Amino acid sequence: MSALAQRQAAVLGAILDEDAALPEGWGERQARGLAIYRNNYRSALVEALRSTFERTERLVGDTAFARAAAHHCITHPPNGWTLDLAGEGFAETCAALFAGDPDVAELAALEWAMHLAFTARDTATLTPEGFAAATAKFGEHDWERFTLDLMPSLRCLPATYDLLRLWSSLAGEGEADLVSLDVPQIAVVWREGECPVFVLRPEREGRALESFRAGARWGEVCGTLAAALGEEKGIAEAGAMLARWVAEGWIEAVGQ
Amino acid sequence: MEDIPPFHGFGLGLRRPHYADFLEGAVPVDFVEVISENYMVDGGKPLRILESVRQEHPVILHGVSLSVGSAQGLDADYLVRLRRLVERIEPLWVSDHLCWTRTSAHNSHDLLPLPLTREALAIVCENIDRAQEALGRAMLFENPSSYLTFPEDEMPEWEFLDAMTRRTGCHLLLDVNNLYVSARNHDFSAADYLAGLPLDRVRQIHLAGHQPGEIIIDTHDRAVCDDVWALYAKVIARTGPVATMIERDDAIPPLAELLHELDRARTIAGSCERSAAA
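If you're matching them up, the sequences are chains A and B in order. 50 is the number of the first residue of the first sequence in our numbering; add one for each residue after it. 3 is the number of the first residue of the second sequence in our numbering; add one for each residue after it.
So that you can see chain A by itself, here it is in the shape it has in the complex (with noise of 0.2 Å):
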């Protein structure tokens, strides 16, 4: 390791950890300066995780997501070059933290994938009409076999509370309007145009999602479908779902 390499890795370990001894030759005149540098570093990344967490900050105060905040900042010290990165894994430092109020940590998985999805590659999405001229020389067997490209934005995250609500509510400074579902479901994170938005869908709506988004065929979602909710039920269910998919703008192409 270069004499460099060694200073940095001293310099960064003590701006990391303010137990962590001087580095060496250092005196009262760098730990001075030290101390400002461990302070920016604190409250670039203590910002950075409450802007992008703005409703998990109302629902839990200020003092809550501080504490929360700096604990993440210590058990997730970032690597990646961009600072927009910073809140990953928040949710999960949240679910430990808030382990009492699972609301919390569902509340910023939601946030976490809404800011992914303000960035995410733009795409052309497949119309009906789109899809219907991508399918219209479909044979029998190439509906078996077909596969779904979903928009990059999208995201799908298990809700146990209904989070249209809660979101709604953290909009402004009001209360949290904190309720929990009957059946748990699933948010479905995507941009529209330049906005993220999210819509709350039955968990199999969820998992045919996801199964797609790992290069599930449209002939195996059916066959899932079927086994739960029997033949014809499943195939009509499979169905009505691809139709919303399109209608919302979820499918970018279709593959086979």
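Just so you know, the hints here were simulated from the structure itself, not pulled from any lab data. This one's a predicted model, so the numbers in the text were calculated from it and none came from an experiment. Heads up, some of the hints might be wrong.
[Stated by the list, open to error] SDA-like mimics (lysine to any residue), calculated; alpha carbons at most 25 Å apart, straight line:
hint : chain 1 : residue 1 : chain 2 : residue 2
1    : B       : LYS47     : A       : SER217
2    : B       : LYS47     : A       : HIS125
3    : B       : LYS47     : A       : GLY298
[Unchecked claim] Which stretches of chain B does chain A cover? Using the computed rule of at least three CB atoms under 8 Å from a CB of chain A, they are:
hint : region
4    : 22-30
5    : 40-47
6    : 233-246
All residues carry an ideal CB built from backbone N, CA and C; glycine is no exception.
Fit chain B to the given chain A structure using the hints.
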């Protein structure tokens, strides 16, 4: 490698509170500077806004994460994304800082000072060569503000910058506020600094505000102070016309306030030009 075309004028940093101003009407600036990393994204609104602004104004890409002083070298993914943005925006030029931000393990997301040693100079020059080669163009590097110096320093910052420009062909972005802050924090003379700096390599000047104190902090959260304006007058008298901008990153005021500050830069630069011509 393409060199940087001559360009001078007066500009501002494009910041979120002023997006609407820039999108809605003609803002009287000669260029805008953006933080490169904010637009090194896959898609979405930020890129759409930058492309709209680019239609009206020349754009400078100013980075904070190249980490040209990192002993482990540059981040390949970062360079690919920066090059993609350069091709998309066709900026006047691309700049970053003489600093390091990360090791192979972690990123500080801050502009950390380098030991001013021959070893660090060699590493910086190697990294600059690689970045300029990847981008196919000469870059500008900004003198940092700093809050500490290293016991192993072997040369003053101006000597480091002079050697760096000669070895790599890069240019300088002279941040007059950073010069003021570092000179005060480390007790050196700004006049000595300017005397040792290759001023013919300066293609852009930054002006910003700082927080006074026992250690002055480069906060970019207030107006440029009179001492920095006075130093700017000395710099611009020696460099001749150079692209100049006001840099504000926190407590961002209405655009009119920054335009008013920029007028002061125009007045000072104009007065220096007239004196030189007389």
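A quick look at each hint next to the structure:
no.: 1; hint: B:LYS47 / A:SER217; result: holds, 22 Å
no.: 2; hint: B:LYS47 / A:HIS125; result: violated, 28 Å
no.: 3; hint: B:LYS47 / A:GLY298; result: holds, 18 Å
no.: 4; hint: 22-30; result: violated (count 0)
no.: 5; hint: 40-47; result: holds (count 6)
no.: 6; hint: 233-246; result: violated (count 0)
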